[in-house]
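J.: Here's the letter readout for the chains.
There are 2 protein chains.
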Amino acid sequence: MAHFRPVALAHASRLINHGPTVLVTTAHGGVRNVMAAAWSMPVEFTPPRIAVVIDKQTYTRELAMASGAFGICVPGQALLDLTYAVGGTSGRDGDKFARHALVAGTGPVLGMPVIEEGCAAWLECRLIREPHAEDAYDTCFAEVVAAAADARIFVDGHWAYRDDNTELQSLHHLGGGNFVRAAGNLRAAGQV
Amino acid sequence: MAHFRPVALAHASRLINHGPTVLVTTAHGGVRNVMAAAWSMPVEFTPPRIAVVIDKQTYTRELAMASGAFGICVPGQALLDLTYAVGGTSGRDGDKFARHALVAGTGPVLGMPVIEEGCAAWLECRLIREPHAEDAYDTCFAEVVAAAADARIFVDGHWAYRDDNTELQSLHHLGGGNFVRAAGNLRAAGQV
Numbered sequence: 001m002a003h004f005r006p007v008a009l010a011h012a013s014r015l016i017n018h019g020p021t022v023l024v025t026t027a028h029g030g031v032r033n034v035m036a037a038a039w040s041m042p043v044e045f046t047p048p049r050i051a052v053v054i055d056k057q058t059y060t061r062e063l064a065m066a067s068g069a070f071g072i073c074v075p076g077q078a079l080l081d082l083t084y085a086v087g088g089t090s091g092r093d094g095d096k097f098a099r100h101a102l103v104a105g106t107g108p109v110l111g112m113p114v115i116e117e118g119c120a121a122w123l124e125c126r127l128i129r130e131p132h133a134e135d136a137y138d139t140c141f142a143e144v145v146a147a148a149a150d151a152r153i154f155v156d157g158h159w160a161y162r163d164d165n166t167e168l169q170s171l172h173h174l175g176g177g178n179f180v181r182a183a184g185n186l187r188a189a190g191q192v
Numbered sequence: 001m002a003h004f005r006p007v008a009l010a011h012a013s014r015l016i017n018h019g020p021t022v023l024v025t026t027a028h029g030g031v032r033n034v035m036a037a038a039w040s041m042p043v044e045f046t047p048p049r050i051a052v053v054i055d056k057q058t059y060t061r062e063l064a065m066a067s068g069a070f071g072i073c074v075p076g077q078a079l080l081d082l083t084y085a086v087g088g089t090s091g092r093d094g095d096k097f098a099r100h101a102l103v104a105g106t107g108p109v110l111g112m113p114v115i116e117e118g119c120a121a122w123l124e125c126r127l128i129r130e131p132h133a134e135d136a137y138d139t140c141f142a143e144v145v146a147a148a149a150d151a152r153i154f155v156d157g158h159w160a161y162r163d164d165n166t167e168l169q170s171l172h173h174l175g176g177g178n179f180v181r182a183a184g185n186l187r188a189a190g191q192v
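Protein chains in written order, with my numbering: chain A, 1 to 192; chain B, 1 to 192.
By construction, these hints were calculated from the structure, which means they are not laboratory data.
What you are looking at is a predicted structure, and each value in this text was computed from that prediction instead of being measured.
Check the hints yourself; a few may be wrong.
[Unchecked claim] Simulated crosslink set (DMTMM-like; lysine to aspartate or glutamate; CA at most 20 Å straight-line): (1) B:K56 to B:D138; (2) B:K56 to B:D93; (3) A:K56 to A:D138; (4) B:K56 to A:E44; (5) A:K56 to B:E44; (6) A:K56 to A:E130.
[Unchecked claim] A few chain B positions that, by computed beta-carbon distances, are all more than 10 Å from chain A: (7) S67; (8) F97; (9) G105; (10) D135; (11) V145; (12) E167.
Heads up, the beta-carbon is just placed ideally off N, CA and C, and yes, glycines get one too.
So here's chain A without its partners, still in its complex pose (with noise of 0.2 Å):
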């Protein structure tokens, strides 16, 4: 999309900082998929790294593991219905993007699909292997190595939740398809 622009990685945590939903996405062997996921949070700053809970029976988890790659797409409010719907199908029965016309780019460091129709910023992630806390805890962690987000609601650095830009705020899931969207910058007394 033309309103894509990259992401400095030294910004790149600040894209998931606030806990939005995100959609996992995944390529390896010629094939693709894409999952929803609630359950991601930063653990660094620099090197941007990232730590996100892919359940080990998912379709994404074995093409991430095969890769050694993912993608973290954050889908804003008009992707609701997909993001929900993408959380409760398994790419082992076709492919979802095909299946939700979903239009994925390809990133420019690793070749993971990102998304930028209807979600406000995407990070490319290298997995970084810790067998230990992928296997007792589902956590994968991982370095993002390239990040971009949608200019309408990213500006210099920071995230710009405006009225004029809702489709594009994030969507955070309570569970059993309710989410709730973020809204309204508060600024909190003392800050610099």
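Dock chain B against the given chain A, drawing on the hints supplied.
T.: Positioned in the frame of chain A, the structure of chain B alone reads:
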């Protein structure tokens, strides 16, 4: 507070499923502390387990490692300024509860400080020692052993975000003291 009710452990992950910024509380050897953490997530439903990033430089980390436990409290929007304030100072410089006139009870299982006034929920967590993840990623894994939530916003095991309980709705840190608030239930198509 009279509004808090126990939450079944099977539902505990829902309390942070939507990625709120939380308060991490600790107590050991007669001292106690509280800090803000934007980086936390559930990692397992049953038994309920979570991960939270606690920098190894912090007093919170020192106390959590010493006691093998910490509390997670989910502040509502009423605690916006407090949440930001306790994220920017160290408990090594004095008791932050006293400094901010923050009232805390005592958790029923581990004796961790639990904040109910201004918060929507709390979880008492027993640290699961994972020296490598703690060292490499400042990521602390823990099992939730007790949880409670305000019955005005968590009903029958589910969040109930409504127009009449916005003060208890969650905060999501964008960075630098800018937060977005969770708002407006969205129901995905196809939910059961």
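J.: Now tell me if each hint is right for this structure.
T.: Hints and how they fare:
1. B:K56 to B:D138: Measuring from Cα to Cα gives roughly 6 Å; hence the hint holds.
2. B:K56 to B:D93: holds, 17 Å
3. A:K56 to A:D138: holds, 6 Å
4. B:K56 to A:E44: holds, 12 Å
5. A:K56 to B:E44: Within the cut-off at roughly 12 Å; holds.
6. A:K56 to A:E130: The given pair, whose Cα atoms are some 13 Å apart, holds under the 20 Å limit.
7. S67: holds, 21 Å
8. F97: holds, 18 Å
9. G105: holds, 25 Å
10. D135: holds, 12 Å
11. V145: holds, 17 Å
12. E167: Non-interface label stands for B:E167: nearest chain A Cβ at 12 Å, farther than 10 Å.
When the structure is compared with the earlier hints, no violation turns up for any of them.
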